[in-house]
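With the hints as extra help, turn the sequences into a complete structure.
So the chains spell out like this:
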Amino acid sequence: MTDTALLTQSLHQLLSERPYVRDFFAALNLTPPDDEISLGAFLDGIPAAHLEEFALDHAILTSQCIDFITQMEAFQSRETSTVREVTIKAGVDKSGSKEQQDLILRSGEVVCVVGPTGSGKSRLLADIECLAQGDTPSKRQILLDGQVPDENRRLSGEQQLVAQLSQNMNFVMDLTVREFITMHAESRLISDVAQRVEQIFTTAVDLAGEPFTLDTPVTALSGGQSRALMIADVACLSASPIVLIDEIENAGVDRRRALDLLVKEEKIVLMATHDPLLALSGDRRLVIRNGGIAAIIETSDEERQGLGQLTALDKKLSRLRDQVRHGERIIFDLQQLAE
Amino acid sequence: MKLITVAGPPSCGKTSIILRAIEPLIAAGLKVGVVKFDCLTSDDYLRYEQAGIEVKTGLAGGLCPDHFFIANIEQAVQWGQREEFDLLISESAGLCNRCSPHIKDVMAVCVIDHLSGVHTPRKIGPMLKSADVVVLTKGDIVSQAEREVFAFRVRQVNPKAAVLPVNGLTGQGTLLLQRHFQSAAAVTTLNDMRLRFTMPAALCSYCLGETRIGPDCQIGNIKTMDFS
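Note that the protein sequences, when read in sequence, are chains G and Z. Position 97 of the first sequence, counting from 1, maps to 97 under UniProt numbering, and the rest follow consecutively. Position 1 of the second sequence, counting from 1, maps to 1 under UniProt numbering, and the rest follow consecutively.
Simulated from the structure, these hints should not be mistaken for laboratory data. No residue lacks a Cβ here, since even glycine has one placed at the ideal position from N, Cα and C. Honestly, I wouldn't trust all of these hints.
[Claimed, not checked] Pairwise CB distance ranges, derived in the manner of DEER restraints:
1. Z:Asp226 / G:Pro217: 27 to 37 Å
2. Z:His67 / G:Glu53: 18 to 28 Å
3. G:His58 / Z:Met193: 20 to 30 Å
4. G:Ala239 / Z:Gln78: 45 to 55 Å
5. G:Arg325 / Z:Pro200: 49 to 59 Å
6. G:Lys98 / Z:Arg194: 19 to 29 Å
7. G:Glu52 / Z:Tyr206: 49 to 59 Å
8. G:Glu52 / Z:Gln78: 32 to 42 Å
9. G:Ser38 / Z:Gly29: 50 to 60 Å
10. Z:Gly52 / G:Asp3: 49 to 59 Å
11. Z:Asp226 / G:Arg325: 50 to 60 Å
12. Z:Arg194 / G:Ala49: 14 to 24 Å
Next up, the structure:
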């Protein structure tokens, strides 16, 4: 849309098509009227004294306003472009030995990252996050859909590739679940906010197993509930194609379903875990040693078959957990549990 | 010598991200100096000294911190030239959220932390609005959704800036910040250059030390609220 077309558009139409314009004016302590007056006329009508407070004049304000709308449009269109494939070209480990092979991560895939603390898991993830181009200590290079990413976009920090779900994360906002998700949905400039809020809420309750409501303050959610909400929110609202998870806790979240949900939303899931059940849920395991990817283990058929047994065992354990939760006495036979 | 102004609210992590970003540059052979502008006290110079970085501290005391900054920054540049720094970083806390130390054609970095809340970007004013690079810290302690909302709100206030999440403890994310530092423009003097934003207007009787309250004691540049 041309600048002139924007300026002659009525505020009513502008605000209905681009609700975010309200925020631009709110930051200047202005409330644009929702009527037929054109954007240009509204801008011209703002008293010069009001603008002086913000060290603005009409010309600067007009150009800033147009600039804001253009940038938000660009932001919106970027949101729709997704990355299907991330290539990690082999770099070197801490001793300078070359990693064995390049690695391609595809959307809808779960890849586990294994290795003791300090082995270099964070370095790998940091490389992906900053789209390393041979310029980090590991010398790895990251390609998006087989292409070298645009350097300007890289430096602008626009390409937020990785959404992170770690153990020690908190909500610091004092909001209800509804307000919280709505705020996130609005910041993604999506059109069907109410519908999306409902979807995330039902998914989160489903994952948590313990009910809460849309009016529950996020700070009052239990550990499992907040974790479930974060997972559902990342799956359905985050623009980042890669989700990084620090081991999903046992408590309160259906871990298997959480993974299925993320994969269904075409995310690439990278999960640091030592839990055999979760490790076998992945398609591959990256073994990190001395700062480098030392091996890539494909989940074998035999392991997959073993997964059935592990799942059965996990079910039994979670039944025991439920018994504890509900204040029941636990009656069990270890022999039976292991079968 | 390249000059960079780094500004942000108190305790948002300015010193940490500066340290994390310049350590690799120093390791690569660059000579880096820091000028820390503070109000009443500052012991940040100790952290810089520990890292082997030359640092000068300026305390504004009873003066407006940004007036103090502008009265001293040119001297700081001359100090940096004498010391033959490749890079000089000025660190200051924008306390009143009305002013900003950012100078036209000098790289401007604003640091804010995620814990300050999602409404903060709008409240920070010119220090954020006129920055070239906005660094977001302490993201590791809040949820992904909050990080995304925060980054979006920053973009709303300053759509042109690069928005970089940086962890001041681990240094994660500093690579891109270093890139920006390296691309900063060189200066030899700031004389005749301009601030990106005006300073808060001053010159009322209270600026000059008046402490009594009452209409007779208010002389000069006065603005009153409407309580009708």
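Inset, instruction - Starting from the range 45 to 55 Å, see whether the pair Ala239 of chain G and Gln78 of chain Z falls in it by beta-carbon distance. - result: 46 Å, holds
Inset, instruction - Starting from the range 20 to 30 Å, see whether the pair His58 of chain G and Met193 of chain Z falls in it by beta-carbon distance. - result: Between His58 of chain G and Met193 of chain Z, where Cβ atoms are some 26 Å apart, the hint holds.
Legend entry - Arg325 of chain G paired with Pro200 of chain Z, Cβ distance criterion 49 to 59 Å: 57 Å, holds
Inset, instruction - Can you let me know if the beta-carbon spacing of Gly52 of chain Z and Asp3 of chain G is within 49 to 59 Å? - result: 51 Å, holds
Inset, instruction - Please test the hint of 49 to 59 Å on the beta carbon pair from Glu52 of chain G and Tyr206 of chain Z. - result: 22 Å, violated
Inset, instruction - Evaluate the given range 19 to 29 Å for the C-beta pair formed by Lys98 of chain G and Arg194 of chain Z. - result: 51 Å, violated
Inset, instruction - Return holds or violated for the Cβ distance of Asp226 of chain Z and Pro217 of chain G against the range 27 to 37 Å. - result: 35 Å, holds
Legend entry - Outcome for the supplied range 14 to 24 Å, where the beta carbon pair is Arg194 of chain Z and Ala49 of chain G: 23 Å, holds
Inset, instruction - With respect to the beta-carbon atoms only, verify the hint that Glu52 of chain G and Gln78 of chain Z lie 32 to 42 Å apart. - result: Given about 34 Å between the Cβ atoms, the range holds.
Inset, instruction - Indicate whether the distance between the beta carbons of His67 of chain Z and Glu53 of chain G respects the range 18 to 28 Å. - result: With Cβ atoms ~19 Å apart, the hint holds.
Inset, instruction - Take a look at whether the Cβ-Cβ distance between Ser38 of chain G and Gly29 of chain Z falls inside 50 to 60 Å. - result: 57 Å, holds
Legend entry - C-beta pair Asp226 of chain Z, Arg325 of chain G: status relative to the range 50 to 60 Å that was hinted: Roughly 58 Å apart at Cβ, these two residues keep to the hinted range, so it holds.
Violation of the numbered hints given earlier is confined to hints 6 and 7; the remaining hints are satisfied by the structure.
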